[in-house]
Structures are given as C-alpha cells and as structure tokens.
Amino acid sequence: MTAPVAGHAPAGEAGTLGRENVRAVAAARGLAPEDLEIRLRADASSALVVLVLFSVAIAWLLIGSIFGDIASLKLHWPDFLTRQGWLTFGRVRTAHLHAVNYGWATAALIGTSVWLLPRLMHNELKAPLVALAGGVLFTLGIAVGIIGVLAGYTDGMEWLEANRYTAGPLLVVGGGLVGLSLFLTVAARRAEHLYVSAWYILGAFIWFPMLYVTGKWPTWTGVESAAANWFFAHNVLGFWLTAMSVGAAYYFIPKVLGRPIYSYQLSVVGFWSLAMFYSLNGMHHLVGGPLPTWMITTSIVASVFMFIPVVATGINLHMTVVGRFGALRYSPTLRFVVLGAIAYTAVSLQGSFTALREVNRVTHFTHWTVAHSHVGGYAFVTFVAFGAMYYIVPRVVGHEWPSARLVRWHFNTVLAGIAIYVISLTWAGVAQGLALLDARLPFQVSVERSVPGLYGRSLGGLILTIGHVIFAWHFWRMIRMPTGAQPTRPPLHEAQPVLYTDEAEAARPRQGAV
Amino acid sequence: MIPSSVPVILATAALTLLAAVVLAWAYWRGFFDNLDAQSRVIFEPKDFQLERPWETPVERLEREMSHGKLVDPAPGEWGGAS
Amino acid sequence: MTRISLIALGAFAIMAGAICILVLVPQALLSDVQPPPQLAPYTERQLVGRRVYMANGCVYCHSQQVRDPAFTTDVDRGWGSRATVPADYAYDRPHLLGTMRTGPDLINVGQRLPDADWHLIHLYDPRSVVDWSLMPAFPFLFEEKSPNEVRPGDRVVRIPGPRARRGVAVVAKPEAIALVDYLISLKRQYPVADTAAGMRTAFGGRNGAH
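Chains as they are written, first to last, in the numbering used here: chain A, 1 to 514; chain B, 1 to 82; chain C, 1 to 210.
By construction, these hints were calculated from the structure, which means they are not laboratory data.
Hints are supplied without guarantee of correctness; some may be wrong.
Derived, one-sided and incomplete: chain A residues facing chain B with beta-carbon distance under 8 angstroms [what the hints assert, rightly or not]:
{"no.": "1", "residue": "Ile261"}
{"no.": "2", "residue": "Tyr264"}
{"no.": "3", "residue": "Ser331"}
The C-beta atom is built at its ideal place from N, Cα and C for all residues, glycine as well.
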C-alpha cells in the first residue's frame with residue numbers, strides 16, 4: 001500500500017522545489033532531467049507548490065465549515081453565541097463565505113491549475129518559487145481580511161468585504177505572483193496545441209484582476225456601487241471559480257476515461273459564449289431594484305442566453321461519459337468530477353430560470369438563492385476540487401492514498417450532506433418567498449415557514465463538516481506517509497515506466513474496484 | 001424586453017461586430033483547423049493503452065487494435081485509492 | 001499573433017466590454033442624478049451608525065429597497081409608499097441594498113418605527129419585543145452595569161416583559177445610539193416627480209414588469 005506508484009513523481013525527500021525536484025526524480029531513475037518523461041517532469045516541478053496550496057485549501061475548508069455551521073445554527077437558534085461581537089451572525093457569515101470561496105475553493109483550484117498547466121504545456125512549471133510565494137501571500141491576505149471582518153472592519157459590499165488597505169495589497173501581489181508563474185509557464189510551452197483547459201485557466205487569471213479592480217474601485221457610490229458590487233460578485237463565480245473548475249473537468253474526464261472530449265468544436269463555442277454572456281449576468285441579483293431597467297433586462301437576457309455555453313459544455317462533459325458510467329465505480333476522481341459537472345449544468349439552468357422576472361419575484365431575497373449558491377459552490381466547484389485532489393496528490397507524493405474506505409466515506413458523507421442541504425434550504429426559500437408575496441400574511445409567517453428548512457440546512461452542513469474532517473484526516477495521513485524505504489529509487493525493472501512489458505509487471509494484481 | 005438605451009445598443013452592436021470579425025479572422029488564420037488533434041494533446045500513448053476495468057471486452061479489443069497491447073494501470077491510477 | 005495572445009486579448013476585450021456596458025456607461029449616465037432636496041445627507045453620527053450597521057453585517061438579513069408595486073407586494077406590505085429610485089441612494093457609500101429578507105426591508109424603517117427606545121431594546125434583545133424573531137442579539141453594543149454604577153447621561157434601556165434583566169442596568173454604548181440614529185433616519189417616502197421618471201432619469205426604459 002505504501003509502494004511508490006510506478007511512473008509517479010514524488011515530491012522529493014526534502015520537499016524540494018521545482019527544477020531541483022525534477023533533477024532528483026530523474027536521478028532516481030538514472031536519467032538526465034531532459035530525458036525524464038514530460039509528465040513526470042511537469043509533476044515534479046509543481047509538486048511542492050501544489051502540496052502547499054492543497055494543504056492551505058484543506059485548512060480553509062475546515063475553518064470555513066466551522067464558520068458555516070455556527071452561522072447556520074444561529075439562524076434557527078438566534079441566541080446561540082451572541083455575547084461576543086466577533087461571533088455575531090453578520091460577521092461569521094462573511095467569514096464563512098471568504099474562507100470557503102477565497103480560502104478553500106480558490107487555493108484548491110489554483111493548486112489544481114498549477115499542476116495542470118505544466119502538464120498541458122508539456123513543460124515544467126516556471127518560477128515555482130514565485131508561485132509558492134504568491135500562494136502564501138494570497139492566503140495571508142484572505143486571513144487578514146477575515147480577521148478584519150470578525151473584528152468589525154469591513155469594506156461593506158458582499159464578496160468584497162476584505163479591507164482594501166490591509167488585505168488588498170497581499171491579495172493583489174499574491175495573486176499576481178501566481179499569475180506570473182503561470183504566464184511564464186505558458187510562454188515556455190512545448191505543446192503543439194493549447195488544450196481548452198489552458199484557455200480557462202489563463203482566462204481566469206486575466207479576468208480576476210479585472211473584476212477585483214472593478215469591484216474595489218474606491219469612488220463608486222449609491223446604486224452604481226451596487227452595479228459594481230454584483231458585477232464582481234457574480235462574475236467571480238463564472239470567471240474565476242467556474243473557469244478553473246470547468247478547465248479541470250475538461251481534463252480529468254477524458255484523461256481517466258481514455259477517450260477525447262466528445263466535441264472539441266463545442267468547447268470553443270462553450271468558452272467564448274461563456275465569456276460573452278456570463279459577463280453581462282451580474283444585475284440579475286438586483287431584479288426589481290433601483291437600477292435603470294435596461295441594465296436589469298440586459299442581465300436577464302444574458303442569463304437566458306447562458307443556455308448556449310451551458311448546453312455546449314454540458315454536452316461535452318456528459319456525452320464523453322455516456323456509456324461509461326461504470327467507470328465511476330472504479331474512479332473516485334470521476335465520481336466527484338462527473339457529479340460536479342452535472343451540478344454545473346443544473347445550477348446554470350437553475351440560474352437562467354431564476355433570472356426571469358416571474359420566477360425572481362418568488363425567489364429573490366430568500367434562502368433559495370443561498371441554496372442555489374451552494375449547488376454551484378459546493379456540488380459543482382468543491383466536488384470538482386475533491387476529484388482533482390484525489391487524482392493529483394498521489395502523483396506529487398509518489399504513493400497512493402492509504403485508505404479506500406476513507407475515500408468512500410468522504411464521498412458518501414458529502415453527497416448526503418449537500419443533498420440534505422440543498423433540498424432543505426430550497427424548500428425553505430420557496431416557502432419564505434411565497435409567504436412574502438402574499439401581503440395579507442404578516443412577515444412573521446415567512447420567517448416561521450422557513451425554520452424547518454433551516455434546521456435541515458444545519459443538519460446538511462454538519463454532515464458536510466464530518467465529510468471534510470474525514471478528507472482532511474486522510475490527506476494528513478497521505479502526506480505524512482513515508483514513500484517506502486526506496487522513495488525515489490524504484491527497482492531497476494521499473495526504470496522505464498512507459499510500457500509495462502516485463503513479467504514482474506504482468507504478474508502484478510489487476511486493478512480492483514475501489 | 002429590449003433595452004431601449006441608445007448607448008447600450010450601439011456599444012453592444014460594436015462589440016458583437018468586433019467579436020465576429022475576430023472570429024472570422026481566427027478561422028481564416030487556421031486556428032480552427034484540426035480541432036480533433038487539439039483534443040488529443042492531453043494524452044500520452046500510454047493513456048490509450050491502459051486496461052480499464054469498466055470497459056467491456058469489445059471496447060478493450062477496439063483499444064488494443066487501435067493503440068497496441070494493453071498495459072496494467074498503476075495502483076490508484078484513476079484517482080483515489082484501490 | 002499567436003494563439004495565446006488571441007485568447008488573452010479576446011478574454012480581456014470581452015470582459016472590458018462588459019465592464020463598459022454594466023459599470024462604466026451606467027456610472028456616466030447616473031452621475032447626472034441629483035439627490036432629492038427632501039433627502040438630507042447623513043449626519044456624522046448617522047454615518048458612524050451606518051458603519052456599525054456594516055460592521056455587524058446587518059445587510060446579510062435586511063434589504064434596503066422597495067420594488068415597484070406593479071411588480072410585487074413590497075408596498076402592500078407597508079415597506080414604503082413607493083418604489084425606491086437611484087436618487088434615494090445618492091448619499092449611500094457604499095450601497096446597502098441587500099439580497100436577503102430574513103428580516104424586513106429597512107429603507108423606510110424610520111417611518112414605521114420612529115421610536116429610538118424601541119430600537120435600543122430590540123437590538124439588545126430582539127425576542128423581548130418580537131418573540132418570533134430570528135435576529136441575533138447585540139448585547140456587545142451595550143454595557144451591563146449594576147444599577148448603582150449608572151451615571152447621569154447614560155442611556156438606560158429598560159427591557160420589558162419576561163426577558164427583563166433583573167439587577168442589571170443595560171446602558172447603550174455610543175455605537176448603539178449611533179446605529180439607532182442611522183436607522184431612524186431611513187425614510188424615503190418623499191415624492192419623486194414620478195417614480196417611473198425617477199428610473200428613467202438619464203435614459204429611456206420604463207420601470208417595472210411586463
């Protein structure tokens with residue numbers, strides 16, 4: 001179980017960075033670095049950065065889960081933990097949002113992208129120290145932002161609360177350094193073609209700075225600040241989290257299945273139509289609000305046009321799997337990523353539907369929106385991140401995950417948790433919304449009818465937290481494991497890992513179901 | 001439902017035209033040729049030769065005929081533990 | 001031009017275009033909107049109160065916007081006499097429009113609930129005045145002293161009913177007083193020439209639903 005996985009590049013005995021690790025892995029196989037397989041070189045060069053980012057991500061996942069649980073409990077037990085200001089609902093909720101979106105999801109997806117891009121470019125990660133420094137600074141920025149929010153310092157707009165003077169510089173420099181490393185890696189590419197996942201990753205790193213500057217521009221006031229706010233908050237989902245998640249899905253699904261994506265032409269359509277339509281969606285958070293009607297209508301129309309990229313991407317990701325769903329039994333990565341892709345299609349269609357005025361008048365201002373955001377942020381983005389991590393980590397630490405049982409428990413737990421969460425909260429939101437629409441019913445009724453669903457959401461959230469603890473524990477065991485007595489020196493007959501042609505390999509027991 | 005603001009309509013029309021021009025130019029420059037080859041850039045020959053436990057014997061045979069003798073996957077090849 | 005540059009440029013251009021359409025163009029057109037003469041700018045204390053509102057995340061449960069009565073029931077519900085318009089938010093920096101109504105809309109709460117003492121009690125212990133409320137309590141905005149420590153000038157808050165504090169004097173801190181001052185200032189009921197015109201202001205388009 002702790003045997004080195006043949007063909008996988010361990011992180012090196014001292015956790016060495018970049019080029020040094022490539023040399024170490026090559027030396028272990030008796031090769032010069034240039035002769036090492038491209039895939040192994042790519043993995044070895046990014047290994048340490050990826051592991052640090054994933055560790056940071058999982059820490060944020062646990063922290064964010066606890067904040068989320070506290071916030072959820074407070075909504076139906078309002079006298080829970082009210083004595084201290086730093087634990088009040090309005091601050092804990094924001095801490096949760098930042099910890100899970102900018103902490104967990106961002107770090108996990110950047111880690112995935114840092115691993116993926118060298119592979120896609122058929123070269124090594126360039127300036128890995130810069131990427132590592134960037135990741136650390138960015139994380140620090142998030143932490144500073146969250147601590148500030150808990151202490152009562154906020155810049156006031158949802159998704160943009162982190163203080164622009166203390167957290168801001170750390171976020172900007174950190175993110176910029178990671179982007180620099182990735183752009184240098186692209187500039188040094190050896191691949192003949194640029195796979196679609198690379199477009200999404202590059203796009204994300206071009207788009208996020210533009211969104212951040214727009215959202216944080218200090219002169220916005222009044223309703224124009226609302227437009228800038230929701231321009232940022234909606235587009236950060238589509239052009240940062242979704243972009244990197246879809247990019248990852250476009251890689252892992254065909255890669256594990258061993259068949260190319262269903263229609264590459266559709267991926268071109270999907271990418272550009274996503275860019276064109278998603279970018280205009282933001283005002284659908286303000287339907288009925290005090291903004292010029294043309295802006296809201298533009299966003300509603302763009303939200304409906306989202307059918308085009310969503311169907312294009314959906315066809316690609318789903319049709320590639322059709323006929324091979326049996327693979328999900330053998331591959332936890334596929335289990336997570338395929339379900340994540342299905343959730344992406346579902347949440348996007350739900351979003352288009354919700355933007356319509358007739359539907360929006362029921363759902364706006366209710367728990368429906370929070371449920372919807374968790375279908376996207378959890379069932380889609382988080383699931384893709386889990387699937388990616390299950391695939392990537394063995395390839396950077398040089399051995400497989402120690403326990404199939406923990407993988408199964410993790411999957412089953414978070415699947416149950418998110419299902420309970422989404423169903424309860426959606427139901428609460430609809431009940432709340434219908435009650436709000438009936439002016440004869442006092443406001444009290446909308447509150448009381450949502451409470452059972454709020455209890456259900458807490459239950460779902462607690463189950464999710466258990467799943468995260470299981471995953472974090474497994475990850476801890478994984479990175480603490482020694483890679484065996486001979487971590488970087490496989491037996492001689494494994495020195496050529498490309499083809500398993502000798503008897504020793506043929507006699508190895510076949511891959512079983514996980 | 002059509003936004004009646006003139007600046008918006010003009011801006012949208014201009015941007016759409018620009019996008020169409022760029023798209024046409026990219027097509028003319030050959031960026032959309034050989035898209036199938038592009039979809040295979042993530043694979044090594046070995047990826048096609050791996051024996052996948054979920055595939056039917058017919059699928060395995062097809063794979064072997066197109067890509068050569070199948071090889072065993074490494075433990076944990078599909079992500080997760082075995 | 002390489003493929004990379006094309007993708008990068010295309011991505012940048014599309015986003016720049018969207019920023020123009022949804023942020024820059026509106027900003028230019030909205031900069032003509034004048035604050036209504038009946039709307040006073042926030043006082044210093046009200047601005048402190050507004051920052052307390054932001055610091056404690058009130059916006060995550062409370063909205064501050066009334067939607068068109070032709071569209072939905074905000075007006076029927078008593079949350080305002082008319083829909084709010086961009087001019088109503090001229091002094092809001094940043095906006096606090098909100099996206100959740102776990103609690104009621106507040107843009108006209110100063111009209112509905114003008115009593116500062118009620119607000120202080122409600123902030124200290126919401127369930128003492130609204131027993132079905134899910135709002136968190138904010139005791140940290142108050143000092144709890146023994147009754148003989150109360151000084152002249154202290155704003156003592158008397159909690160009514162079964163949840164009254166025995167042997168403890170609840171004194172509002174300046175933050176609580178500022179917050180309540182801000183809340184009571186929230187009134188947007190003055191007429192604007194024509195709500196639809198208020199939405200039309202600098203450009204065409206009719207307010208409201210189909």
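Comparing the hints with the structure gives:
{"no.": "1", "hint": "Ile261", "result": "holds (5 angstroms)"}
{"no.": "2", "hint": "Tyr264", "result": "holds (4 angstroms)"}
{"no.": "3", "hint": "Ser331", "result": "holds (3 angstroms)"}
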